[in-house]
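> Kindly generate the complete structure, drawing on both the sequences and the hints.
This is what each chain is made of:
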Amino acid sequence: ELKVEQNPLFLSMQEGKNYTIYCNYSTTSDRLYWYRQDPGKSLESLFVLLSNGAVKQEGRLMASLDTKARLSTLHITAAVHDLSATYFCAVEFWGGNQFYFGTGTSLTVIP
Amino acid sequence: DTGVSQNPRHKITKRGQNVTFRCDPISEHNRLYWYRQTLGQGPEFLTYFQNEAQLEKSRLLSDRFSAERPKGSFSTLEIQRTEQGDSAMYLCASNQAGNTIYFGEGSWLTVV
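Residue numbers (our numbering), protein chains in the order written: chain A, -2 to 108; chain B, 130 to 241.
A few of these clues could be false.
Said to hold, decoys possible - Computed cross-link-like contacts, DSBU-like style, restricted to lysine-lysine with a CA-CA straight-line distance of at most 30 Å:
| hint | chain 1 | residue 1 | chain 2 | residue 2 |
| --- | --- | --- | --- | --- |
| 1 | B | LYS200 | A | LYS38 |
| 2 | B | LYS186 | A | LYS38 |
| 3 | A | LYS38 | A | LYS53 |
| 4 | B | LYS186 | A | LYS0 |
Simulated from the structure, these hints should not be mistaken for lab results.
Pasting the structure below:
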């Protein structure tokens, strides 16, 4: 069964702190995406990770992929309030016919 | 704006009525996807098209749901005899095979 699991589901953190969101998936993947979603809005693409060991960084966010462990991480450095949102990982299987989304991590950054 | 466009953005309908959503993908994209998202959940795959061919449908897509992409450009998602459980945001996405998928702003459906 294809599964994509994220943890934690909810994350409350103080400004300036670091934290990591984890995304585990159950079978071989073609690629992995991270998206951000603000309340009532659609999905904003953050990162696309294509191969084992891939690391991408944008501002305070850094994503990595370990295909052997079937694990991706989204690391937040020195969080700021503007990062408050829900973050989803999505895994592309079978040549891109489907994306399976994780359960999402609702992040709240407290001033 | 050349992103994925969806309309209407919001629709309130009475139970039992039919509704139709339209998606205009990014013009050069040959793949188009429909997803559904309920509050507090991640998006769930409904169906996908490559050009005009509907290549995959989720078992979530009951007989009341139908999607078309007649000329390989825009797509419509119709829900017949709506039920309260259909209330959700319906997301359209597109890409060129093998490239990044872009999502539209979504169409919110409320069934009362």
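> Look at each hint and say if it fits the structure.
Going through the hints against the structure:
1. B:LYS200 / A:LYS38: Judged against 30 Å, a Cα distance of about 29 Å means the pair holds.
2. B:LYS186 / A:LYS38: holds, 25 Å
3. A:LYS38 / A:LYS53: Roughly 24 Å separates the two Cα atoms, so the pair holds.
4. B:LYS186 / A:LYS0: Holds - the C-alpha atoms of LYS0 (chain A) and LYS186 (chain B) are around 18 Å apart, at most 30 Å.
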